[in-house]
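These protein sequence lines map, in sequence, to chains X and A.
Using the working numbering, read the first sequence as starting at -18 and increasing by one per residue.
Using the working numbering, read the second sequence as starting at 149 and increasing by one per residue.
For the record, the hints were derived by calculation from the structure and aren't laboratory data.
Honestly, I wouldn't trust all of these hints.
Pair by pair, the computed Cβ-Cβ distance ranges are [said to hold, decoys possible]:
(1) Leu252(A) to Leu(-15)(X): 40 to 50 Å
(2) Ser83(X) to Met149(A): 30 to 40 Å
(3) Lys61(X) to Glu166(A): 42 to 52 Å
(4) Leu252(A) to Thr107(X): 46 to 56 Å
(5) Ser(-17)(X) to Lys223(A): 43 to 53 Å
(6) Asp227(A) to Tyr119(X): 27 to 37 Å
(7) Asp100(X) to Asp167(A): 15 to 25 Å
(8) Gly73(X) to Asp191(A): 17 to 27 Å
(9) Gly221(A) to Thr107(X): 42 to 52 Å
Only some residues are given here: those of chain X computed to face chain A with a beta carbon under 10 Å [as the list claims (entries may be wrong)]:
(10) Ser(-17)
(11) Lys(-14)
(12) Ser3
(13) Pro17
(14) Ile19
(15) Ile20
(16) Leu27
(17) Ser83
(18) Leu84
Quick caveat, the model's predicted, so the values are computed rather than measured.
Idealized CB from N, CA, C, for every residue including glycine.
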Amino acid sequence: MSGLKWTFEVDGNDFTRAGEASSSLKKKLRALGVSPDIIRRVSIALYEGEINMVIHANGGTIDVEMTPERIDMVLKDTGKGIPDIEQAMQAGWSTAADEVRSLGFGAGMGLPNMKKNTDEMRIESTVGVGTTVYMTIYLS
Amino acid sequence: MDVRDVMRVLDAELICGEDSLDTEVHEACGSDMMSDVLAYVKDQAVLLTGLVNIQTVRTADMMDMVCIVFVRGKKPDEDMIALAKRRGMVLLRTDHRMFTACGLLWENGLRGGKSV
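Turn these sequences into a full structure, and let the hints guide you.
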């Protein structure tokens, strides 16, 4: 069944705008009456992903689809890719620059936190081509 | 305690959010690392931080927090204040350092939530 769909462009050149897509989706879900717990998990997972797209991959595109059963989020970038996904999933592992840490991010908690807040998460990445993260949160 | 109590205990300056000063708060967290806030915060309604950029406000918004206290006299810029106003969030500023600010709030009944 086809559900509600939204697409967000993430500007990779402007750190100050990172989080706008997550914030916008949060408002839409709230207006639709989605439960606060689900909204919070979606917001955290998407915001972490959005920050990653800005600091590691020069931005990209986020596609969200919501049905009565689930919310699917697909975050696609054409950045440098992740050479070792298993390593990237380890809490504390980060390749972020010191400049990113000075902005409050880059502690190596993003991907593990995205996994923690979603029911399903899968990463496809090719070095030099880009990364796509698929996340699903069930509504019941 | 409510946000007005937080303001009083920390001898803090109100930057914005006057309409929300009566909001009850029970738990807080202190961090300059937004990654940690996103990973470990659960029901903490107050964020104490020395980090001043727009993502501080966005992070607090994602976590449904009601108040940010900038420690060490840090000043948020106009973009941060505008975003906080749009989200109905209270911004406070205190000259206390992080450790002292957290200690004063603890002493007055605010807690930090469960261990990770």
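Hint by hint, here is what the structure shows:
1. Leu252(A) to Leu(-15)(X): 40 to 50 Å: Holds, since Leu252(A) and Leu(-15)(X) (Cβ atoms, about 46 Å apart) stay within the stated range.
2. Ser83(X) to Met149(A): 30 to 40 Å: holds (32 Å)
3. Lys61(X) to Glu166(A): 42 to 52 Å: About 46 Å separates the Cβ atoms of Lys61(X) and Glu166(A), which means 42 to 52 Å holds.
4. Leu252(A) to Thr107(X): 46 to 56 Å: The hint (46 to 56 Å, Cβ to Cβ) holds, given that Leu252(A) and Thr107(X) are roughly 52 Å apart.
5. Ser(-17)(X) to Lys223(A): 43 to 53 Å: holds (48 Å)
6. Asp227(A) to Tyr119(X): 27 to 37 Å: holds (36 Å)
7. Asp100(X) to Asp167(A): 15 to 25 Å: violated (37 Å)
8. Gly73(X) to Asp191(A): 17 to 27 Å: Because 25 Å falls inside the window, the suggested range holds.
9. Gly221(A) to Thr107(X): 42 to 52 Å: Check passed, 47 Å falls within 42 to 52 Å.
10. Ser(-17): With Cβ-Cβ at 28 Å, over 10 Å, it is violated.
11. Lys(-14): With Cβ-Cβ at 22 Å, over 10 Å, it is violated.
12. Ser3: Constraint on Ser3(X) satisfied, holds at 6 Å.
13. Pro17: holds (7 Å)
14. Ile19: This hint is violated: Ile19(X) lies away from chain A, its Cβ roughly 13 Å from the closest one there, beyond 10 Å.
15. Ile20: holds (9 Å)
16. Leu27: Hint holds; Leu27(X) Cβ to chain A Cβ min 9 Å, cut 10 Å.
17. Ser83: Hint on Ser83(X): holds, closest Cβ of chain A at ~9 Å, below 10 Å.
18. Leu84: Constraint on Leu84(X) satisfied, holds at 6 Å.
When held up to the earlier numbered hints, the structure conflicts with 7, 10, 11 and 14 and fits the remainder.
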